[in-house]
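> Top line first, the protein sequences correspond to chains X and S.
Counting along the first sequence from 1, when you hit position 336 you're at 336 in our numbering, and nothing is skipped either side.
Counting along the second sequence from 1, when you hit position 17 you're at 17 in our numbering, and nothing is skipped either side.
Please keep in mind that the hints were generated in silico from the structure rather than gathered at the bench.
Check the hints yourself; a few may be wrong.
25 Å max Cα-Cα, derived DSS-like pairs, lysine-lysine [unchecked claim]:
#1 X:K378 with X:K295
#2 X:K148 with X:K72
#3 S:K56 with X:K103
#4 X:K152 with S:K87
#5 X:K211 with X:K22
#6 X:K12 with X:K103
#7 X:K12 with X:K370
#8 X:K148 with X:K208
#9 X:K120 with S:K56
#10 X:K211 with X:K186
#11 X:K22 with X:K3
#12 X:K103 with X:K208
#13 S:K56 with X:K97
#14 X:K92 with X:K148
#15 S:K87 with X:K92
One letter stands for each residue in the lines below.
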Amino acid sequence: MSKVRLLVGTKKGGFILTADGKRDQWKVEGPFFGGWEIYHMKGSPTDPKRIYASQNLGWFGQIIQRSDDGGKTWHPPGSNPADLKTPEGMPKGESNKFVYEGKVGTHLWYDGTQHPWEFKRVWHLEPSLHEPDTVYAGVEDAALFKSKDGGKTWQELSSLRTHGSSTKWQPGAGGMGLHTIVLNPKNPDQIYIAISAAGAFRTDDGGKTWKPINKGLKSQYLPDPNAEVGYCVHRIAIHPSRPETLYMQLHWNIMRSGNSGDMWEKISGNLPSDFGFPIDVHAHEPDTVFVIPIKSDSEHYPPDGKLRVYRSKTGGNEWEPMTKGLPQKDCYVNILRDAMSVDSLDPCGVYFGTTGGQVYGSADGGETWKIIADSLPKVLSVEAQVIP
Amino acid sequence: MIRVVLPYHLRTLSRVGDGEVLLEVPGTVTTRSILDALENQYPVLKGTIRDHVTFKRRDFLRFFVCNEDWSLESPDKALPEAIVNGKEPFMVVGAIAGG
């Protein structure tokens, strides 16, 4: 029977949660890299034993870790795990070397001045859909890096950062992170990315050129309603069978595009609030979308203290609350943008982690929920994967 | 031998155990030459104490030498004899901050 694995990145380490296909009993392993912030962990779709992890701490900066055995052992790429007990086995110090290519340039700062790009951390790691040694990293300050040697060395796809609009990019409250990387499973040359608070971009040629895809987005504080960039996109999701249809949690507003981001329409419909962070699509129903409404950008907790996942089976506009098993009073947690994921079993599993350290799971497409872990550190990311 | 004290997370990362790191440092013993030798022996520490490219000290780390803060001294200034002869350790200290 297949197993499901949740890779949970938290403020104080990484955790691996596993269950069989029933998804009823969960085993919690960790913390890995205790005390470090694990922004994101993700397994290779082609080799689930290969896991990449972004390990960071303000004091010591960025580390990339990799496991080749499903999380039993870890090593910074470039080292031989068996040799790590000796100095000779240490990696050569390239796996955490994220250096912007060429002229660094400047972007818009909070006070309206220009500010030089400064690397701070890796927000998101996206392994290739085809090749386990190829992986993308979305970083703060916003840029996209690619490794073709399993995370040992990283090269920037610099034409994104040097796009003509980049002097107008500005950090959101959480920094100017490139936090979303969506790979088109039908077209390896097409990649969608999102940056707070620049917006969404698309490449159709494997990263050589990039195009802002923000038409139709609205941001109440932007002086120019038709601005090319300046949007606080929180998350983008697709269904693999229909990669031209994008769903977006914008700062405020849930949006959909039917043409690869060329134009967006609002699909917030009857949601109690259309502010939030994550958005995801059902594994087997391309029109079924999940969001978790948050009261407002000033409060960052669910409306009325009720934790509700909202599901639309119509590609948006019509939403129904999923509440069974979720706290319906006195709940004031947030769910961050990378902290929701679906598995590919049937029925589809849906999972999310909270800033209060709870991880919730549904084994029936969102109808009912169970708490999987209730006292982890603040959850930064959740990635579900079916493993053999 | 030069003695170096690392903060907990860098000891864990470099798998050196709980004790001090002992280094052979060729030439004049300075902050730069100690960090060069440290990174040469434990390459995983590259980028964690100072920037990969600019070699600028990370903001939340300080260097202490014989009970004095040497963080703002030139990295090429010769360190005291007590460091050179191993009587005192060169200390890499993380700022007491955060939660």
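> Please go over all the hints and tell whether each is borne out by the structure.
Hints, one by one, checked against the model:
1. X:K378 with X:K295: holds, 19 Å
2. X:K148 with X:K72: holds, 23 Å
3. S:K56 with X:K103: Holds, because 19 Å separates the two Cα atoms, which is no more than 25 Å.
4. X:K152 with S:K87: Violated - the C-alpha atoms of K87 (chain S) and K152 (chain X) are around 38 Å apart, more than 25 Å.
5. X:K211 with X:K22: violated, 43 Å
6. X:K12 with X:K103: Roughly 35 Å between the alpha carbons, so the hint for K12 (chain X) and K103 (chain X) is violated.
7. X:K12 with X:K370: Within the cut-off at roughly 23 Å; holds.
8. X:K148 with X:K208: Distance ~16 Å between K148 (chain X) and K208 (chain X) Cα, so the pair holds.
9. X:K120 with S:K56: holds, 14 Å
10. X:K211 with X:K186: holds, 19 Å
11. X:K22 with X:K3: holds, 9 Å
12. X:K103 with X:K208: holds, 17 Å
13. S:K56 with X:K97: holds, 14 Å
14. X:K92 with X:K148: holds, 16 Å
15. S:K87 with X:K92: violated, 31 Å
Hints 4, 5, 6 and 15, counting from the list given before, are not met by this structure.
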